[in-house]
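S.K.: So the protein lines, in turn, are chains A and B.
Add 305 to a position in the first sequence, counting from 1, and you land on the number used in the working numbering.
Add 305 to a position in the second sequence, counting from 1, and you land on the number used in the working numbering.
One thing to keep in mind: the hints can contain errors.
Footprint (simulated), chain A over chain B, 3 or more residues, beta carbon under 8 Å [what the hints assert, rightly or not]: (1) 349-355; (2) 477-483; (3) 537-551; (4) 796-803; (5) 823-829.
None of these hints come from the bench; they were simulated from the model.
Glycine is no exception: its CB is placed at the ideal position from the N, C-alpha and C atoms.
Here is what each chain is made of, one letter per residue.
Number of protein chains: 2
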Amino acid sequence: MKIALAQNNYHIGNFESNISKIIKGIKQSEKEGVDIVVFSELAISGYPPRDFLEFKDFVEQCLSAVNTIAEYCTNTAAVVGLPTFNPNEKGKSLYNSAAFLANGKIMSIINKTLLPNYDVFDEYRYFEPNTVFNIVEYKGVKLAITICEDLWNVQDNPLYNVIPMDELISQNPDVIINIAASPFNYHQTKVRKEILKKNASQYNLPLFYVNHVGAQTELLFDGGSLVMNSKGEIADELKYFEEDFKIFDLDEVNNSPPTNYNASERIEIADIHDALVMGIRNYFQKLGFTKAILGLSGGIDSALTAALAAEALGNENVYNVLLPSRYSSCHSVDDSIQLAKNLNMPNEIINIEEAFNSFEHLLKPYFKNLPTDVSEENLQSRTRGVILMALSNKFGYILLNTSNKSEAAVGYGTLYGDMNGGLSVIGDVYKTQAYELARYINREKEIIPENIITKPPSAELRHNQKDSDSLPDYDILDEILYQYIEKRKGPKEITAMGFDPALVARILKLVNTNEYKRHQTPPMLRVSNKAFGMGRRMPIVAKYLG
Amino acid sequence: MKIALAQNNYHIGNFESNISKIIKGIKQSEKEGVDIVVFSELAISGYPPRDFLEFKDFVEQCLSAVNTIAEYCTNTAAVVGLPTFNPNEKGKSLYNSAAFLANGKIMSIINKTLLPNYDVFDEYRYFEPNTVFNIVEYKGVKLAITICEDLWNVQDNPLYNVIPMDELISQNPDVIINIAASPFNYHQTKVRKEILKKNASQYNLPLFYVNHVGAQTELLFDGGSLVMNSKGEIADELKYFEEDFKIFDLDEVNNSPPTNYNASERIEIADIHDALVMGIRNYFQKLGFTKAILGLSGGIDSALTAALAAEALGNENVYNVLLPSRYSSCHSVDDSIQLAKNLNMPNEIINIEEAFNSFEHLLKPYFKNLPTDVSEENLQSRTRGVILMALSNKFGYILLNTSNKSEAAVGYGTLYGDMNGGLSVIGDVYKTQAYELARYINREKEIIPENIITKPPSAELRHNQKDSDSLPDYDILDEILYQYIEKRKGPKEITAMGFDPALVARILKLVNTNEYKRHQTPPMLRVSNKAFGMGRRMPIVAKYLG
C-alpha cells in the first residue's frame with residue numbers, strides 16, 4: 306500500500322485556496338498510484354479557526370468543501386481534517402474530525418478524543434470529546450486514525466483519563482495515522498518526536514504523521530511531518546517551514562530498518578530564525594501585502610527585525626526609516642545606514658525635532674515647569690510612531706514592531722510609540738536571544754554591523770541613557786524572566802536559585818503591572834513554549850506580585 | 306438554621322483584601338448568631354484569576370489563606386470558594402472548589418463538576434471536572450453545595466452529559482447552596498433567575514445563591530445574590546452592583562410563601578448604566594488611580610463617557626480636553642464646554658493645529674503631492690492621542706477611550722489615535738444604545754447638551770464630514786452587527802431578514818478585516834452577551850467573509 310503525506314500551508318477561512326491545495330494533492334497522488342493521501346488536522350478550515358467555529362455558516366462551508374473534495378477520491382483515498390456537527394442532543398455542538406474519503410464519498414468520520422485546552426489551545430471551547438473508537442479498513446489494511454493530541458497522553462502525569470490508542474489497539478490496526486496541527490516552539494520538535502516514538506514502539510506499529518506548515522498570525526507551524534517504523538525509528542521526514550509532499554510504501558516502512566535515513570539534527574537558533582522569517586512572510590502574503598516599514602534606531606532589535614524582514618519579503622520591500630532626535634548618537638545613524646546598505650534596503654532619515662519641538666511648545670503651558678520625566682521620553686517615541694504610521698497609511702506598508710521579549714516583559718517601551726505595529730517580529734525573543742540571532746544572521750558575512758551587536762543597549766530618549774540605568778544586565782534579567790514566564794516559577798523558587806530577592810520581586814512586579822501594556826501590543830510571532838499573547842492570559846487589574 | 310449571604314467585591318490576587326473581607330463576614334455572622342455564611346466562587350483568589358492559576362505559588366497562597374480563614378469558623382461555618390490541587394495522578398492539576406469550614410478547620414472540599422469554557426470562560430484550561438458527589442451535613446441540615454455552572458445544565462440542548470443535582474438529590478439534601486461568579490450582561494439577570502427557579506422547583510428545595518459583585522477589568526459582576534423557596538419563588542435578593550450582606554432563616558424561607566417580597570424588575574438601560582459606572586470606578590480603585598482624562602470631541606460618545614466617568618470618579622476627577630483642529634465646528638467646542646459646565650468638570654482647550662501642521666510640513670517631502678486621504682485624518686487623531694497621553698503620563702491620569710461598539714466593529718477609528726486609552730468605557734455599547742444611555746443620564750435634567758444628542762454624528766476629520774458618508778444609518782448598521790456579533794448569524798441568514806445583501810457583505814467584511822485593530826484596543830467594559838475582547842476570539846490573518 307502506498308501512502309502519501311501532504312504537508313500544506315492553509316489559510317484560515319480561505320476555502321478556495323485550501324480546497325484547491327487538497328485537490329491538487331489528491332490528483333498528484335492518483336497520478337502516482339497512491340492508495341491513501343493524508344492531509345493535516347482541520348485542513349479545510351485552516352488551524353486554528355477560533356470563533357469562526359461558532360458560525361453555523363462557517364462549518365457548513367467546511368462540510369460543503371469536504372463533499373466537493375470527496376468526489377476527487379475515486380482511485381486514491383484521502384484523510385482530511387475538518388469540523389463537523391455533533392449529531393447528539395447533549396454536549397458541545399461540534400467535533401474536531403478526520404474524514405476518510407474513498408470511492409467518491411465520505412466513508413467514515415473519526416472524531417478527536419483529547420482536546421488540548423492549555424497555552425494557545427482552546428479546543429474544548431468548541432468541540433465535544435469523542436468516546437467511540439473504530440479503526441478504518443481500506444484495501445485490507447486496518448488504519449488507526451488519530452488526531453494530534455490523541456497520541457499525546459503518554460507523558461508523565463497524564464492530562465486525560467483515556468488513551469485513544471489503548472482503545473483502538475484491540476481492533477488490531479496495521480498502522481497509526483495521525484493528522485496534526487502542532488505549532489513550533491524551539492523545544493517542540495524534539496518533544497514531538499519523542500511522543501511519536503513512544504506511540505510507534507509501544508503499540509509496535511508504523512506511524513504516518515502529517516503536520517501543518519506555515520504561519521497563522523502568531524502561531525508558527527514548522528511541518529516536519531514524518532514516518533516511523535514500528536520500532537519508533539524515523540524512516541523519513543518532510544521539510545521544515547515549507548510545504549512538502551512525499552510518498553511511502555507501507556511494507557517498506559514496516560519491514561526494513563531505516564538504515565539510510567539520518568533524522569535531521571535541528572539547530573535551535575536556525576529554527577527560530579526560519580520560523581520568524583516564515584512568520585513575517587506568511588503574515589504579509591495571507592493579508593495581501595508586500596511591503597514593510599520600520600523604524601531603525603541603531604540598536605540590535607530594529608536591525609535584527611529589518612534583516613529578518615528583508616529575508617522574508619525581499620530587501621527592496623523593507624523600508625527603513627531613521628528618526629533621529631537631539632538625543633540620537635552619530636553612531637546610531639551611521640550604523641543604521643550601514644545596515645541598510647549591507648542589505649540594499651530603501652531607507653530615509655526623517656529628523657523628528659520639528660514635530661517633537663512643536664509638542665513641547667504646545668504642552669509647555671500645561672506641563673507648568675514640572676521636571677522632565679518619562680512623559681518627554683514617551684513624547685519622542687510617539688512622535689516617531691505617528692510618522693511611521695502616516696507613511697504606512699499613505700503607501701500601504703505594514704509597520705513592523707521591533708520590541709523584544711525582555712522589554713515587553715518589563716514594560717520597557719512606549720504604548721502608541723515604539724510598541725506600534727501590525728506584527729511584532731521578535732516579541733517572543735529575549736534580548737540575549739536577539740544577539741544570538743544577529744550572530745547567526747552574520748554567520749557568513751557581516752550583515753548587521755558589528756558595532757550594533759557590541760555597543761551597550763540604549764533607548765536614546767535622554768542624554769547618555771543606557772538600558773542598564775534602569776534594568777539589570779540582560780543575562781540576569783532574561784534568566785529571571787525565563788523562570789517566571791516559561792517555567793511559571795514563583796518568587797521563592799526563583800530566589801532559591803541564587804538571585805537577589807529584591808531584584809526578583811522588582812522584576813516580577815514589573816512583569817505583572819505591565820500587563821495593561823501588553824494587552825495592546827501587536828500579535829507576536831511565537832517561538833517559545835510560553836509567549837505573550839493568546840497563550841498567556843493574565844488579569845490586567847490584579848494585585849498578585851504587583 | 307440561620308444562613309447569611311456575603312456578596313463581596315474581591316480583587317484578583319489581592320489576598321490581604323480578600324481574606325479581610327471574608328473574615329469580616331464571618332465575624333459579623335458570628336455576632337448575629339448565623340450558622341453558615343456563604344461567600345462566592347473563587348472568593349479567595351478573586352474571579353477570574355486566569356493564568357495566575359498556573360503558578361503553584363499562587364494556589365499555595367490561596368490554600369494558606371483558607372487555613373487562616375478556617376480558624377475564625379468556630380461558631381459560624383463558612384462556604385468559601387478557592388482553587389485546590391487535584392491529588393490524583395491523572396487529569397488537570399487543579400479543582401475549582403468550595404471549602405466548607407467549621408470547628409476551626411476545613412471540614413469538606415466540594416469540587417466543581419461543570420466547567421464553563423465558552424465566551425469569556427476558560428475554566429477547563431485550569432480545572433479537572435469533579436466526578437464524586439457528596440452532600441455536606443451540618444447541625445442536622447443536609448447541604449447540596451454546588452458551584453455556579455453546576456446548576457446550569459438544565460437548558461435545552463444541554464452542554465454537559467451530567468447534572469450534579471441529579472447525583473446529589475439521592476442523598477436527600479435539605480437545601481441547595483450555589484456559590485457563583487456570574488458576570489453581568491443585559492440579558493443575564495433574567496436568564497439567571499430562570500435557571501435558579503428551574504433548580505429550586507425541580508428538586509423542590511430552597512436555594513441560597515451568592516454571586517460576585519464588582520468589576521474585574523472588563524468583566525462586570527452585578528451581584529443580585531438571592532434566596533428562593535422550594536417553589537422557585539424569590540424570597541429576597543441582595544443589592545445589584547454593590548456589596549451586600551443578609552441573613553435568612555432556613556425554616557422561614559422553606560415554609561412561608563414570600564408574600565411580601567417583590568422581586569426587582571430590572572430596567573435594561575439603567576442596568577447598563579450602573580454596570581458601566583461600577584466598571585470605571587473599580588478599574589481605577591483596584592489600580593490605585595483617582596483621576597481620568599479624556600478628549601471631548603463634541604460628539605455623543607465622548608460626552609457619554611465623560612458623564613459616566615464623572616459619576617464613577619467624581620466630577621472633579623474627570624479632566625476633559627477639547628482638541629479642536631481646522632475641521633472642528635464651533636458647536637462642537639461650545640457643546641463640549643457646556644457639558645463640562647453642566648457637570649462642573651475641569652476642562653481645557655488645546656488647539657492641535659501647531660502640532661498637526663508640523664507633521665504635515667515634516668511629511669510633505671515624503672508624501673510627494675499625493676492626494677489627501679485617510680492618512681491625514683489619522684494624523685489628526687494621532688496628534689490628539691499624543692497630547693492626551695503626554696498629559697496622562699505627566700499627571701498620572703488614566704486616559705479613557707471613548708469608542709463605541711459600532712465603530713469598533715467596522716474599524717471606524719484610528720489605531721494609536723482615538724483608539725487609545727487604558728479602558729474602553731462604551732466599547733460594548735452600540736451607537737444606538739449610546740443615545741439611549743444619554744437620554745437616561747438626562748432623565749431628570751439636561752446633563753449632556755441636547756444638541757450633542759440630536760446633531761448628525763461626525764468625526765470632523767475633514768470638511769463637512771458625516772459618519773453617514775461612509776456608513777449606513779446606525780439603526781441599520783447596529784441591527785446587522787447585532788445579528789452577526791451577538792447572534793452569530795451568517796450572511797445568508799442576515800440577508801434573509803430583509804437587509805440588502807451587498808450591504809450585509811460589506812459590513813461583515815469590515816468587521817472581519819478590522820480584527821487587527823481590535824486586537825490592540827484597551828479592555829472594553831462588557832455589558833452584552835458577546836463583547837469584543839476575551840469573549841470573542843477571532844483569527845487576525847484569515848479570509849472568511851473578508
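S.K.: Confirm or reject each hint.
M.R.: Consistency of the hints with the structure:
Coverage of a stretch by a chain is defined here by at least three residues with a beta carbon nearer than 8 Å to that chain's beta carbons; for the stretch 349-355 of chain B and chain A the count is 4, and the condition holds. Judged by the Cβ-Cβ criterion of 8 Å, the stretch 477-483 of chain B is not covered by chain A as claimed, because only 0 of its residues qualify and three are needed. Interface restraint, the stretch 537-551 of chain B with chain A: violated (0 residues with C-beta to C-beta distance below 8 Å; minimum three). Chain A is given as covering the stretch 796-803 of chain B, and this holds because 3 residues of the stretch bring a CB closer than 8 Å to a CB of that chain, at least three being needed.
Against chain A, the stretch 823-829 of chain B contributes 5 residues with a C-beta closer than 8 Å to a partner C-beta. That satisfies the three-residue criterion, and the hint holds.
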